[in-house]
Amino acid sequence: MLGTEALIQCLKSEGVEVLFGIPGGVIIPIFDGLYDSDIRVILTRHEQGAAHAADGYARVTGKVGVCLATSGPGATNLVTGLANAHMDSVPMVAITGQVNTPLIGRDSFQEADITGITMPITKHNYLVKKPQDLPVILKEAFMIARTGRPGPVLVDIPQDISTAEYRFKIPDEVEINGYKPTVIGNKRQIANAAGLIQRAKRPVLYVGGGIIISEAYRELFDLATRINCPVTNTLMGKGAFPETHELSLGMLGMHGTWYANTSISNADLLIAIGVRFDDRVTGKIERFAPKAKIIHIDIDPAEIGKNVQVKTPIVGDAKHIISAILDELDGTPDTSEWIETVNKWKKEHPLSYNMSSSSIPPQYVVEKIYEMTKGDAIIATEVGQNQMWAAQYYKMKLPRKFLSSGGLGTMGYGFPAAIGAQIGAPDKLVIDIAGDGSFMMNIQELATAVCNDIPVKVAVLNNGYLGMVRQWQDMFYNKRYSCTCLKGNPEFAELAKAFGAVGITVNEKDEVEPAINEAMNNGKPTVIDFKVSPEENVMPMVPKLAALDEMIEKYEG
Amino acid sequence: MEEKISLKHTFSVLVANKPGVLTRVAGLFSRRGYNIDSLAVGTTIDPAVSRITLVVEGNERILEQVSKQLNKLIEVKKVIDITDVDTVDRGLFLIKVNAEAKQRQEIISIANIFRAQVVDVGEKSMILEVTGNEEKVDAIQRLLNRYGIIEMVRTGKVVLLRGEKKT
Chain A
1 MLGTEALIQC LKSEGVEVLF GIPGGVIIPI FDGLYDSDIR VILTRHEQGA
51 AHAADGYARV TGKVGVCLAT SGPGATNLVT GLANAHMDSV PMVAITGQVN
101 TPLIGRDSFQ EADITGITMP ITKHNYLVKK PQDLPVILKE AFMIARTGRP
151 GPVLVDIPQD ISTAEYRFKI PDEVEINGYK PTVIGNKRQI ANAAGLIQRA
201 KRPVLYVGGG IIISEAYREL FDLATRINCP VTNTLMGKGA FPETHELSLG
251 MLGMHGTWYA NTSISNADLL IAIGVRFDDR VTGKIERFAP KAKIIHIDID
301 PAEIGKNVQV KTPIVGDAKH IISAILDELD GTPDTSEWIE TVNKWKKEHP
351 LSYNMSSSSI PPQYVVEKIY EMTKGDAIIA TEVGQNQMWA AQYYKMKLPR
401 KFLSSGGLGT MGYGFPAAIG AQIGAPDKLV IDIAGDGSFM MNIQELATAV
451 CNDIPVKVAV LNNGYLGMVR QWQDMFYNKR YSCTCLKGNP EFAELAKAFG
501 AVGITVNEKD EVEPAINEAM NNGKPTVIDF KVSPEENVMP MVPKLAALDE
551 MIEKYEG
Chain B
1 MEEKISLKHT FSVLVANKPG VLTRVAGLFS RRGYNIDSLA VGTTIDPAVS
51 RITLVVEGNE RILEQVSKQL NKLIEVKKVI DITDVDTVDR GLFLIKVNAE
101 AKQRQEIISI ANIFRAQVVD VGEKSMILEV TGNEEKVDAI QRLLNRYGII
151 EMVRTGKVVL LRGEKKT
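Quick mapping for you: the protein sequence lines, in order, are chains A and B.
Using the working numbering, the first residue of the first sequence is number 1, and each one after it goes up by one.
Using the working numbering, the first residue of the second sequence is number 1, and each one after it goes up by one.
Hints are computed from structural coordinates only; laboratory data are not their basis.
Be careful, since some hints might not be right.
Claimed, not checked - In silico EDC-like cross-links for lysine to aspartate or glutamate, where the CA-CA straight-line distance does not exceed 20 Å:
1. B/Lys-8 - B/Asp-84
2. B/Lys-18 - A/Asp-133
3. B/Lys-18 - A/Glu-175
4. A/Lys-130 - B/Glu-75
5. A/Lys-129 - A/Glu-111
6. B/Lys-78 - A/Asp-279
7. A/Lys-129 - B/Glu-75
8. B/Lys-77 - A/Glu-175
9. A/Lys-531 - A/Glu-494
10. A/Lys-139 - B/Glu-75
11. A/Lys-344 - A/Asp-549
12. B/Lys-18 - A/Asp-113
13. A/Lys-180 - B/Asp-138
14. A/Lys-311 - B/Glu-64
15. B/Lys-72 - A/Glu-175
16. A/Lys-311 - B/Glu-60
17. B/Lys-78 - A/Glu-367
18. A/Lys-306 - B/Glu-60
19. A/Lys-306 - B/Glu-57
20. A/Lys-306 - A/Glu-286
21. B/Lys-68 - A/Asp-278
22. A/Lys-169 - A/Asp-133
23. B/Lys-8 - B/Glu-164
24. B/Lys-68 - A/Asp-300
25. A/Lys-306 - B/Asp-81
26. B/Lys-8 - B/Glu-135
27. A/Lys-479 - A/Glu-508
28. A/Lys-293 - A/Glu-328
29. A/Lys-311 - A/Glu-286
30. B/Lys-72 - A/Asp-300
31. B/Lys-77 - A/Asp-549
32. A/Lys-487 - A/Asp-474
33. A/Lys-63 - A/Asp-113
34. A/Lys-306 - B/Glu-135
35. A/Lys-397 - A/Glu-367
Claimed, not checked - Non-contacting residues of chain B with respect to chain A, defined by C-beta distances greater than 12 Å in every case (computed):
36. Asp-37
37. Val-76
38. Val-121
39. Lys-124
Note that the Cβ used here is the ideal one computed from N, Cα and C, for glycine as well.
Only chain B is shown next, with the shape it has when bound in the complex (with noise of 0.2 Å):
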């Protein structure tokens, strides 16, 4: 009788940059079941180091383990769960519509509410890049529907404490 409440959190890990890093870290995931929502990877001002910023969806058993999983590994130096405080967090979304010349006013006035760049025009399309968090794009997205999206593509989520603390 596993607890049901699903809750998202958001977990900034930070690792030693050495090849096989995210294998270990990705292979815990499959491997004990949990859920990755949203991944990226990059480097920090220490070259030797590298943040993961994770997405997990589960329990709170779950999100627990994924935190003392995580920690248990050699090359984890630091995980924070950051799901309850002051962050500022982006994500960039590259979104490729159906755009008919006679519709590209209109995409473009939707863009720029959401101060999203038109990236490239093609004959009956466009593509829109898109920064932000996840509600402005998925609002975005919503509105752009009804033009027919061709593709699209979205990294994962990065974070950042707000002030002068550090993760």
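If we strip away everything but chain A, and leave its shape as in the complex, we get (with noise of 0.2 Å):
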């Protein structure tokens, strides 16, 4: 058997049934396995594009999601991919050509030392040296991409390891000594908790990623109930708590509502699940909820006290401690008064945006996308102010439906994500909301879309600017807006029919629904050019290392 076929074979195994790549040199013995092969291949035009579509893949599914690149350049563009899925936590496994063992270390045309340079950014990565060693490494890549703390492994393959003649011994399982992440909570700890929460008069429920990870919706839905508790989620979180939900504050942190950051200053617990403290989170962090004492439910002993000292730390799996939690409590707290004070904050400081100019609210048009699609589309984002105003007024009902780059923060993100989750969930409405800026940094993945019929939407937020850095230069540098005018972006409805995809442009707000409306029944890749007003902002804003009370609520410039 050849190395590439026992690869194939291993791929299958693992229920592989779709690649995002681009072939190149060394790795063609690879790409001329799977022509023969019933693995579907998606070929993207840029390498970082495979990556976020394997990434978009994977969020939407739950499965592992595979991308495929050439030795050298085509490995390197793989990097900012993997950095984000890193970040985020998603399950991937990346797959590069490197060149013949021979010529490793001696500067070999599309030579890079990818293991090297992604190490800080894989959950693991493996360089492989000897046939016999492939169906091994790609056992353990899969299973340490999904398990634990889910993350990117890379696994670089030489030509002539895809090449050699070998009789490959595929195994049925795989154990790697010192690898073994804990699922069950501490008893005591569980207990701990449960007393924590059975004593609590204004306790918040602060969750993220890993709910969805986890798939510990169902649970979270009847501690929240039970307890009667607030449930604010962070950006990727949205989804894990029904956000229409009655006892949902939406998102919290720096563009978080007003009423989720005035809670959690306010909270005497905090019930923290699948969350890492980040900065975009917690503001100035000596004064995130310093009257709470912390609760911390996470599946990696190095997140707690990573970022703040906790009262209860729990490490596990989310679904299995909130269950052990709802076992333990034999009582629930009062907390009808809470529910009182946070109900008003809410009626009194909802989301908001001026209706009255004359060019269109960018606001307006999620919350339009929002109405039409009955909040029951996939939402992938860009990264900015277009994810922040997606975060705030497209409410999720429903987990791995929202699609952002949390952590990494990676303009660029949304479209090719969005492809992606589209070849994931094909009965799906796919809709990328986009900023002018961050769609073309892989506006080439249009071809992608239009060739392989893929026919996710775009909804670009035009204002003609990088609007989040601009938004800071508003707010903090004296509107100097250095360099975040972007003179010179194309007419994007042009640009999606040059590429054969459908192109609309929205010059009036009475123009918005029609729009839509059309990109939702035609069954084809679309763009819609929304011209928005180019300066609107996104608020309420934590400004930079201010605590979350010390929020900016309405901004008059």
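Please dock the two separately framed chains into a single complex, following the hints provided.
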């Protein structure tokens, strides 16, 4: 059997149905093997697109996303995609070609030390040096990617390994000495947590991507409703708890809702599950939840105590631990007064924007998309203002439907991720809520969407700026708009047409609905260029280094 | 407001004996901004496993993170903080010192007190080999300073638990 054939068999035994990638010199043998296989290969137009597409596919399906690139520049082009998946704990396997083993280390053509380069941005990586190691390494790679706190694993395969003739034995199972993620939580700590919960007067559940990875939505819902506790979610946690539910506070943090941040600042107990106290969430860390005892539940022990000291840490899988806490509770706290206060805050400080100007408010576009899709679409976002408006105004009812680059903040993520998502969920409506700056960073993937009939929609909130940076310059740099004006943008609708996609330009408010309607029903990749108010800001905002209760609710410039 | 108290801890880290493991460990320290005071790597009786002995300086939060982050590396099998357990620790130290003929006897007697070996004698210099724990090495270094130390080299510290227990 050839190395390539063993590789394909391994992929199949892992249940891989689709790969995203681009061929090149040393990986031709692998693509040659794939030519006859029934694994679908999506040719992207840049390796970064392949990595993000695999990421989007993984987030939507919960399976391991797989991308493929050649050595050297092909592999280095994956770097941003891997770092992105690493920061957001997305299960991915990246397979790269490498030069022939005797040529390694000699600065050969298209040689790059990709295992060295990606060491800090992968959960683990491998350079295959002997053909007999290939099947075991692949088995380990998939196991590492999907278990514990998931993440990307890179496998670098020299050309002479993929062309080696060998009697490959594909293992059914592998065990890695010393690698055993903790699933079941500590009993005593679970009892402590239950005790704290029963005694709380002003509890808040602060939940993130860990709920989605562990598929603990049902358990979370039961806990929140049983103890009558408000729930705020991180960007990564959108869909962990229905944001339409009366207990939901929406997102917290730098651009979170006024009431979520205020609730955190006044809570006496924070139940943090599958979150990592990121600086964009906490603001000034010393003043985060100053009145609260903190229960921190996470599968990664290194997250405990990394950013905040907590009262009750519990390491393990969220689903198991929440169930165990539910079993342990023998009473529920009386939170009625707290809920009343929170509801008052919600009423007095809702998210809001100005509809009176003649131009189109970007928030209005997101709100319309939300209404018209009944909150049921899969939403990918780019990074910046578009991302925050999408998070604020597209309320998520279900998990695995909101794809956003939370940790790394990768502009250009959303569009290829949407393509991957659409392949993972062919019957769903997938919309990338984009900015003009971000969309330009991976716009070449329009070709991928068109030639594979992937009917994703891109809603470009086109303000002609790198909007989030412009907002900071507006608020904190005396409106000195250094390099944020994107003069020279193309007409996106025309560009879409040039690729063979549908392009629509929207200049007026009353054109918003018809455009969305057309995109929703045409079954084709579609770009809508919404010319929105150029200098709209995302509000509320917690300024950098400020505490959550120092947020600016309205900014008049 | 980081806790200020800085402590020195010694970790014994068992890792898979594979190429690149040391890079993973060292890379972890540099990218997370931890300081390695001393490092020693060697084989164990199991050829598939190597031992890395690390001395790390930092506050309590950092030391806890060091151990947790090391544990996250797939090729790390076991991390033990052996700072507060009963251990034998040793380092090897070579020191080249100025030694005119008339100073030799004096230096040799210092070496004897510390059970150091004279391993080379030149016309105007000597090399001493010292093994021991840090305090011993520091003490002899202080005494030799006045002759003028030409150069020196020091290995990282290696440690084993006393008694039958294994790390």
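These are the hints, each one checked on the structure:
Taken as a hint, the B/Lys-8 and B/Asp-84 pair is honoured in the structure, with Cα atoms around 11 Å apart against an allowance of 20 Å. Of the supplied pair hints, the one linking B/Lys-18 and A/Asp-133 holds, its CA atoms being roughly 13 Å apart against a limit of 20 Å. For the proposed pair B/Lys-18 and A/Glu-175, the alpha carbon gap of about 16 Å is at most 20 Å, so the pair holds. A hinted pair counts as satisfied when its Cα atoms are at most 20 Å apart, and A/Lys-130 with B/Glu-75 qualifies at roughly 18 Å.
Annotation: proposed proximity of A/Lys-129 to A/Glu-111 holds, straight-line Cα distance about 15 Å (limit 20 Å). The suggested pairing of B/Lys-78 with A/Asp-279 is violated, with an alpha-carbon distance near 31 Å, which exceeds 20 Å. With a C-alpha separation of about 17 Å, the suggested pairing of A/Lys-129 with B/Glu-75 holds against the 20 Å cut-off. With a C-alpha separation of about 12 Å, the suggested pairing of B/Lys-77 with A/Glu-175 holds against the 20 Å cut-off.
Of the pairs offered as hints, the one joining A/Lys-531 and A/Glu-494 holds, with about 14 Å between alpha carbons and a cut-off of 20 Å not exceeded. Restraint check: the Cα-Cα separation between A/Lys-139 and B/Glu-75 comes to about 16 Å, which is no more than 20 Å; the hinted pair holds. Of the supplied pair hints, the one linking A/Lys-344 and A/Asp-549 holds, its CA atoms being roughly 17 Å apart against a limit of 20 Å. A C-alpha spacing of about 17 Å is found between B/Lys-18 and A/Asp-113, which places the hinted pair at or below 20 Å, so the restraint holds.
For the suggested pair A/Lys-180 and B/Asp-138, the alpha carbons sit about 42 Å apart, so the restraint of at most 20 Å is broken. For the given pair, A/Lys-311 sits about 16 Å from B/Glu-64 by alpha-carbon distance, which is consistent with the 20 Å threshold. Distance hint between B/Lys-72 and A/Glu-175 is fulfilled; the C-alpha atoms sit about 16 Å from each other, no more than 20 Å. Using a Cα cut-off of 20 Å, the hinted pair A/Lys-311 and B/Glu-60 holds, with the two alpha carbons roughly 16 Å apart.
Of the pairs offered as hints, the one joining B/Lys-78 and A/Glu-367 is violated, with about 51 Å between alpha carbons and a cut-off of 20 Å exceeded. Our distance criterion of 20 Å between C-alpha atoms is met by A/Lys-306 and B/Glu-60, whose separation comes to about 11 Å. Taken as a hint, the A/Lys-306 and B/Glu-57 pair is honoured in the structure, with Cα atoms around 17 Å apart against an allowance of 20 Å. With a C-alpha separation of about 13 Å, the suggested pair A/Lys-306 and A/Glu-286 falls inside the 20 Å cut-off, and the hint holds.
Simply put, B/Lys-68 and A/Asp-278 have alpha-carbon atoms about 18 Å apart, close enough for the 20 Å limit, and the pair holds. Our distance criterion of 20 Å between C-alpha atoms is met by A/Lys-169 and A/Asp-133, whose separation comes to about 10 Å. The suggested pairing of B/Lys-8 with B/Glu-164 is violated, with an alpha-carbon distance near 25 Å, which exceeds 20 Å. A distance of roughly 9 Å separates the Cα atoms of B/Lys-68 and A/Asp-300; the hinted pair therefore holds under the 20 Å criterion.
In summary, the hint linking A/Lys-306 to B/Asp-81 is supported, as the alpha carbons are separated by about 18 Å, within the 20 Å threshold. The straight-line distance between the Cα atoms of B/Lys-8 and B/Glu-135 is roughly 14 Å, inside the 20 Å bound, and the hint therefore holds. With a CA separation close to 27 Å, the supplied pair A/Lys-479 and A/Glu-508 exceeds the 20 Å bound. Proximity of A/Lys-293 to A/Glu-328 is assessed by CA-CA distance (about 19 Å); at most 20 Å being required, the pair is judged to hold.
Straight-line distance between C-alpha atoms of A/Lys-311 and A/Glu-286 comes to about 15 Å, which keeps the hinted pair within the 20 Å bound. As the CA atoms of B/Lys-72 and A/Asp-300 are separated by approximately 8 Å, the hinted pair is consistent with the 20 Å bound. Of the supplied pair hints, the one linking B/Lys-77 and A/Asp-549 is violated, its CA atoms being roughly 44 Å apart against a limit of 20 Å. Distance check on the hinted pair: A/Lys-487 and A/Asp-474 sit about 18 Å apart at the alpha-carbon level, within 20 Å; holds.
The suggested pairing of A/Lys-63 with A/Asp-113 is violated, with an alpha-carbon distance near 28 Å, which exceeds 20 Å. A hinted pair counts as satisfied when its Cα atoms are at most 20 Å apart, and A/Lys-306 with B/Glu-135 does not qualify at roughly 33 Å. A distance of roughly 15 Å separates the Cα atoms of A/Lys-397 and A/Glu-367; the hinted pair therefore holds under the 20 Å criterion. Separation of B/Asp-37 from chain A is adequate, the least Cβ-Cβ distance of about 21 Å exceeding the 12 Å criterion.
Residue-level check failed: B/Val-76 sits 6 Å from the nearest beta carbon of chain A, not beyond 12 Å. Chain A leaves B/Val-121 outside its interface by the beta-carbon criterion, the shortest separation being 42 Å against a cut-off of 12 Å. At the 12 Å boundary, the C-beta of B/Lys-124 stays outside the reach of chain A, the nearest C-beta of that chain being 43 Å off.
Violation of the numbered hints given earlier is confined to hints 6, 13, 17, 23, 27, 31, 33, 34, 37; the remaining hints are satisfied by the structure.
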